[in-house]
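Residue numbers (our numbering), protein chains in the order written: chain A, 42 to 375; chain B, 37 to 306.
Because the hints were derived from the structure by calculation, they are not lab data. Any given hint could turn out to be false.
To be verified - These stretches of chain B come out as covered by chain A in the derived footprint (C-beta under 8 Å, 3 or more residues): (1) 51-61; (2) 170-178; (3) 221-233; (4) 248-260.
Just so you know, even glycine gets a beta-carbon here, dropped at the ideal spot from N, CA and C.
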Amino acid sequence: MTIVFVETDPAGEVTLTSAEAITFARKNPQLLPDGGAATSREVSGPPSGSTEGVVIGPLSDAAVDALGRLGVGVIHHLEHPDLAEYSAAAWAQAIVDVTPESGTLLASGTPRGMELMAHAAVRTGARMAANVIAADEEGLLRQVHGGTAFERLRLDGDLQVLTIAGHACTPEETTPITPEIIAYDLTVAEADLATRVQRTEVEAADDASGLTSARAVVGAGRGVGSEDGFAEVLELVDHLGGALGVSRVVTGLGWRPHTEQVGQTGSRISPDVYIACGISGAIQHMAGIEGAKTLVAINTDEESTMVQRADYAIIGDLHEVVGAVNEEIVRRRG
Amino acid sequence: MNILVCIKRVPDIAGSVTLDAAGTGIDESGLGHTMSSHEECAVELAIQTAAQAGGTVTVLTLGPAEAVEQLRAAVAVGADDGILVEAAGPSAFAPEDIAQVIGDVIRDRAAAGQTFDLVLTGDDAADTGDFQVGIRLAYDLEHPVLTNIQTISVGGADGGGGSGGERGSGRIEARGIGPAGTEIFSLDLPAVIAVHEGGVDPRYPSITGRMKAKKAQVVEYDAPDPGTGSPRIRLELPEVKASSVTILGEGPEAAPALVDVLEEIGVIRP
Numbered sequence: 042m043t044i045v046f047v048e049t050d051p052a053g054e055v056t057l058t059s060a061e062a063i064t065f066a067r068k069n070p071q072l073l074p075d076g077g078a079a080t081s082r083e084v085s086g087p088p089s090g091s092t093e094g095v096v097i098g099p100l101s102d103a104a105v106d107a108l109g110r111l112g113v114g115v116i117h118h119l120e121h122p123d124l125a126e127y128s129a130a131a132w133a134q135a136i137v138d139v140t141p142e143s144g145t146l147l148a149s150g151t152p153r154g155m156e157l158m159a160h161a162a163v164r165t166g167a168r169m170a171a172n173v174i175a176a177d178e179e180g181l182l183r184q185v186h187g188g189t190a191f192e193r194l195r196l197d198g199d200l201q202v203l204t205i206a207g208h209a210c211t212p213e214e215t216t217p218i219t220p221e222i223i224a225y226d227l228t229v230a231e232a233d234l235a236t237r238v239q240r241t242e243v244e245a246a247d248d249a250s251g252l253t254s255a256r257a258v259v260g261a262g263r264g265v266g267s268e269d270g271f272a273e274v275l276e277l278v279d280h281l282g283g284a285l286g287v288s289r290v291v292t293g294l295g296w297r298p299h300t301e302q303v304g305q306t307g308s309r310i311s312p313d314v315y316i317a318c319g320i321s322g323a324i325q326h327m328a329g330i331e332g333a334k335t336l337v338a339i340n341t342d343e344e345s346t347m348v349q350r351a352d353y354a355i356i357g358d359l360h361e362v363v364g365a366v367n368e369e370i371v372r373r374r375g
Numbered sequence: 037m038n039i040l041v042c043i044k045r046v047p048d049i050a051g052s053v054t055l056d057a058a059g060t061g062i063d064e065s066g067l068g069h070t071m072s073s074h075e076e077c078a079v080e081l082a083i084q085t086a087a088q089a090g091g092t093v094t095v096l097t098l099g100p101a102e103a104v105e106q107l108r109a110a111v112a113v114g115a116d117d118g119i120l121v122e123a124a125g126p127s128a129f130a131p132e133d134i135a136q137v138i139g140d141v142i143r144d145r146a147a148a149g150q151t152f153d154l155v156l157t158g159d160d161a162a163d164t165g166d167f168q169v170g171i172r173l174a175y176d177l178e179h180p181v182l183t184n185i186q187t188i189s190v191g192g193a194d195g196g197g198g199s200g201g202e203r204g205s206g207r208i209e210a211r212g213i214g215p216a217g218t219e220i221f222s223l224d225l226p227a228v229i230a231v232h233e234g235g236v237d238p239r240y241p242s243i244t245g246r247m248k249a250k251k252a253q254v255v256e257y258d259a260p261d262p263g264t265g266s267p268r269i270r271l272e273l274p275e276v277k278a279s280s281v282t283i284l285g286e287g288p289e290a291a292p293a294l295v296d297v298l299e300e301i302g303v304i305r306p
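Starting from the given sequences, assemble the full structure and let the hints guide the process.
As structure tokens, this is what we get:
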């Protein structure tokens, strides 16, 4: 069987990236070493070999409903006072406790998903493949070198542990089912709580969720020119009700915080439109915007990677062009 | 506090790549090399932490002989010495192999009198993106491990300045970005911490740093044969798509055309 670690947001909703991972699991039964023909225990409701989910912490009705629509037949619900605060070791052991000895354990390639799957792989003696984008009879395909190349690999062993690269597949609902919910009496080892979160500080600058969930993201690179050169770009962000995303060069120069960085070591985004202003298109940045549905480039260099990869482009100075776009939006509003 | 930073020599890729003749690696002949960006920050964090607590920073890499360049680059910005575990074909090593080799070297150095209170790695290597070595190493050393950490400060029962590697010799506070905000952890040493880029700015080497790097001590080991071996079958390149860009125009005159596109997508706020 395939078990998916499901992340939920503060409102109790299943996150977009977890919905992607569940869809990936449901649509790739060849991931299962046994072809989905057998499970290691009796499951009364859903068909043998179905996708199952693991939720740690509160389980909302909305999440149960969403998981049912995504085709999750069984929800392993893990709740314990010692798991209320995140601890990778304790959470991973709880996941391992409900993972069968054979099959596939996977999560989305978020920081949480990566960390938990790595712990789980060690604790089960399994191998792990990160950032998987496809699976077939030959094995797995995953992103390497920031998405510039793919690695074809095969994980040996009865249990394989994976993370699914963000936006590797689009969430798809299926015929709704009512998931069976299994609750557990858990035992949490004291040693596994050594890495428990002591406290969480929430500041506006830490809120990257606006970037990863925005329908429109305006990207800014070195072409902005200086720390004070973001006025037009930020005005466009405001007109779109979107978010600002910057290149690594911009954060490296200290012009904007790292929380706004888009790319291989920043956020990976999937907006309806990404407007790249003065960004040439280094592969590390392109890895973060693969999920954008429409790509717009504003750049002086017609031959730049960003322009060549874009759906639409304007050739010109970003300050002049973005300023004119802002004026046009204001003009049309009347 | 003695700190070990595990770094990796990776090709410095700015554009597209080609594969080698075997199809199992990328052709690095025309590429420069660097260390992963997360590890640049790990080196900087180690230097700052050692300066705060008093102690040393040692850098380690498993890679070809040329990887000594990355060790010396770390010394040039403030690390004290290096350990090169030479492996002609590092891509043959699985993450579990690399963790095992590093763990064995750490134990060997301890036997030689060089112990580490804190081991830093990057969260993730820029080339393989495995996200496992730090965690697997921690389990091998039986140390606690944190990932996605951006800053570290020394603090605890004895001020955190302990050395010698014995358990309970110090405590650190580590901060990283979680899904709901900045997460703060407090951890007894010894420990392993995987660093995520963004909390500190790597410094540039000084002239004296470069001079020091040339003379820095580098202890060398030969890597054993990888016990597990890489699960890689081959590398593949993405399909090259012909550009289908629609040029809306040049300069400010093209602005209305872009606003038309944005209106069609429906992202302009009313």
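Original post:
Broken hints, numbered, in rising order?
Top reply: 4
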